[in-house]
Amino acid sequence: MLNVAMAISQLLNGLAFGMLLFLLAAGLSLMFGLMGIVNLAHGSYFMVGAFSGLTALEATGSFLLAILVGSLSGTFLGFLTERFFLRRVYSLRHHEPILLTFALSLVLSDLSLFLWSGTPRWVQVPEYLSFTLNIAGNFYPAYRLAIILGGIIIFVAIYLFQEKTLWGAIVRAGVDDKEMATGLGINIPLVFTIVFCFGAFLAGFGGFVGSPILGVFVGLDIEIIMLALAVVIVGGIGSLPGCLVTCLFLGIADTFGKVLWPAYSSLTIYAILVMVLLVRPTGLFGKGGTN
Amino acid sequence: MSDLRSKILFYLGLAVFMVLCIPLLPRYVLTLTTSILIYSIYVSSVNLLTGYGGLISLGQGMFWGTSAYLVAVLTTLNILKNFYLTTLLTLLSIIVLSACFGALAVRVKRLYFMILTFAFGHIMWCIAMYPIQSITHGFDGIRGIVRPDLGLPWSLENDLTFYYFVLIVGGICFYLIYRIIKSPYGLAMIGVRDNEHRMLALGYNTFLYKLICYVLSAVIAGIGGILFAYFNLYVNPSELHWLWSGDALMMTFIGGIGTFWGPVLGALVYTGLRYWVSAYTMYWFGIEGIIFILVVLFFRGGVVGFLDQLKRRLTDGGAAHR
Chain L
1 MLNVAMAISQ LLNGLAFGML LFLLAAGLSL MFGLMGIVNL AHGSYFMVGA FSGLTALEAT
61 GSFLLAILVG SLSGTFLGFL TERFFLRRVY SLRHHEPILL TFALSLVLSD LSLFLWSGTP
121 RWVQVPEYLS FTLNIAGNFY PAYRLAIILG GIIIFVAIYL FQEKTLWGAI VRAGVDDKEM
181 ATGLGINIPL VFTIVFCFGA FLAGFGGFVG SPILGVFVGL DIEIIMLALA VVIVGGIGSL
241 PGCLVTCLFL GIADTFGKVL WPAYSSLTIY AILVMVLLVR PTGLFGKGGT N
Chain U
1001 MSDLRSKILF YLGLAVFMVL CIPLLPRYVL TLTTSILIYS IYVSSVNLLT GYGGLISLGQ
1061 GMFWGTSAYL VAVLTTLNIL KNFYLTTLLT LLSIIVLSAC FGALAVRVKR LYFMILTFAF
1121 GHIMWCIAMY PIQSITHGFD GIRGIVRPDL GLPWSLENDL TFYYFVLIVG GICFYLIYRI
1181 IKSPYGLAMI GVRDNEHRML ALGYNTFLYK LICYVLSAVI AGIGGILFAY FNLYVNPSEL
1241 HWLWSGDALM MTFIGGIGTF WGPVLGALVY TGLRYWVSAY TMYWFGIEGI IFILVVLFFR
1301 GGVVGFLDQL KRRLTDGGAA HR
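One line per chain: the protein sequences are L and U, in this order.
Position one of the first sequence corresponds to residue 1 (the numbering used here), numbered consecutively onward.
Position one of the second sequence corresponds to residue 1001 (the numbering used here), numbered consecutively onward.
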């Protein structure tokens, strides 16, 4: 039922989807590691990024400009979330922050429904990427390969930034010990805001870049955030390469699930999640103790 | 002494209001009150789990929905005609289900617990949607449930008798929750919520406490689900959906988490507002979100906290006498 050529193209589909998940999960797990907050509104940045990018594309016809608009609208929403909502509830250690972001996602979802209506839309791949490449005997769209390549570049950039630069060191210090970092004169609230904006930027970027594949519709936010959360849980907190590997693994698992058992496909990832949590409650690559 | 007397007066007044006044009001108020009662049973179960147990679950709708589905399947397929047997079988299934899921879920903490319960709930939702479509009719849900025959002279086909039935069952549930909270078990549970390590050091089996809390709240949610199936006469997968579990958390917080009356007031505010707002706009979820954000940012105790503050301000002058 699955020949080799088809398996390869599904594998690539899975990788591309995994890269989109990575754009979301990288920010999500960084925020979780740094602030201990799970941002359920993160999927909304993804969706709003896609919608506003689409609007910009229709207005200007420039794909690059649309990417920029999508990413910036994500960043802007992230900034608003951190600065005006979450900052007031950091001191509450329990459920309020999570539920606050959940409420925000409800508001953003209805706002998108109001602004862009409920009809699913698709984004056309730009002309210069709408060709296909011959890979192992079947034709594969270049756009998806570009996503995979772009994902790798972004991963390497974030990794180098985190490990090799002063700012990366500051963020890592914040993750490890906030009081100590504050004591050393680091402006932790500013770090929070910047990290949050950066995560939201990646989400908005991923939202628009992924829209030719996933489509743009209200409900995308919930769908994607639940997968990204699954990634964060399965992969564990605190390791960027671990996050990437998990994203690719779950992306491929999800894609193959859709082909092999379409009726149960939405269960694939959660079945994996349940099994991983039972065997390793801190996740596959988790350092443990962060929850 | 006067505290006790005012308490008795309050409960007496409430009972008279619920039993005598509600039926005199227009018919839609009766139906609305019935649904609010059923929802408040469900929200109370969430409050027991989250407010007193400290476990935040995105899968409580799983128990509500599963029991509603069980009732629907058992009665529409004529497998079990007897109301009491149906209820017994449903609640037993809920206990088994929640004990199995709970044993896996309460081992992990906070966010992990939330996602794991979400995953379980999602699995149940998928099961209702796809694999057994011949029984559950997928997205369309199950129609044709009939009101139960209690074997008593009163027929529940009548909305008024059904209201009294729900009132009695609800009263029993709330009394049970009250007893659970006030029992040594409930106090220990609150201890686990506040400081699990200390309770462990004191020799409490915190795993067992959390598991029992999970099962108890699942059973109460299940009772709500049974009533809902008989009330609505129609179930669909949205009863199992995690958004419904999220709604329950919202209601708990809007009412006042960790308080006895919070869930009831939360369900009242939520259902009432939804009923009213839905007449004007389709954007109910956005409005719910805004209300919740306002509650978290400005009225952290919810409606109960707000009323407490109001009461304290009003009786400030009398405080000197006590």
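Hints listed in this document are in silico derivations from the structure and should not be mistaken for laboratory results.
Certain hints may be false.
Estimated spans, in silico, between C-beta atoms of each pair [as the list claims (entries may be wrong)]:
(1) L:P189 / U:I1290: 45 to 51 Å
(2) U:M1282 / L:L149: 38 to 44 Å
(3) U:A1201 / L:L64: 55 to 61 Å
Chain L is nowhere near these chain U residues, computed Cβ spacing over 10 Å in every case [stated by the list, open to error]:
(4) L1074
(5) A1099
(6) M1114
(7) H1122
(8) G1141
(9) I1257
According to the in silico footprint, chain L covers these stretches of chain U (three or more CB under 8 Å from chain L) [unchecked claim]:
(10) 1029-1039
(11) 1091-1098
(12) 1179-1185
(13) 1307-1313
Note that beta-carbon positions come from the ideal geometry of N, C-alpha and C, so glycine has one too.
Practice item. Establish whether the coverage given for the segment 1179-1185 of chain U by chain L is satisfied; the threshold is a Cβ-Cβ distance below 8 Å, and no fewer than three residues must meet it. Key: Violated - the segment 1179-1185 of chain U has 0 residues with a Cβ nearer than 8 Å to chain L, which falls short of three.
Check your understanding: Beyond 10 Å from chain L, beta-carbon-wise, is I1257 (chain U)?
Key -> violated, 8 Å
Check your understanding: Are 3 or more residues of the segment 1307-1313 of chain U near chain L, judged by a Cβ distance of less than 8 Å?
Key -> Not satisfied, violated; 0 residues make the cut.
**Study point:** Distance restraint evaluation - P189 (chain L), I1290 (chain U), Cβ atoms, bounds 45 to 51 Å
**Key:** Between P189 (chain L) and I1290 (chain U), where Cβ atoms are some 26 Å apart, the hint is violated.
Check your understanding: Does G1141 (chain U) sit more than 10 Å from chain L, CB to CB?
Key -> holds, 18 Å
Practice item. Mind verifying the non-interface call on L1074 (chain U)? Its CB should be farther than 10 Å from each CB in chain L. Key: holds, 25 Å
Check your understanding: Lying within 38 to 44 Å: is that true of the beta-carbon distance M1282 (chain U) to L149 (chain L)?
Key -> Given about 42 Å between the Cβ atoms, the range holds.
Review point. Does the no-contact call for H1122 (chain U) survive, Cβ to all of chain L over 10 Å?
Key: Check fails; 5 Å does not lie beyond 10 Å.
Exercise for review: Test coverage of the segment 1091-1098 of chain U by chain L using CB-CB distances below 8 Å; three residues minimum.
Suggested key: violated (count 0)
Review point. Just checking, M1114 (chain U) versus chain L, shortest CB gap more than 10 Å?
Key: violated, 7 Å
Check your understanding: Has the segment 1029-1039 of chain U got at least three residues whose CB is nearer than 8 Å to a CB belonging to chain L?
Key -> violated (count 0)
Check your understanding: Per the stated criterion, does the least C-beta distance between A1099 (chain U) and chain L lie above 10 Å, as a non-interface residue requires?
Key -> Its Cβ never comes within 10 Å of chain L, the nearest being 16 Å, so this holds.
In the structure shown, a violation is registered for the earlier hints numbered 1, 6, 7, 9, 10, 11, 12 and 13, in ascending order.
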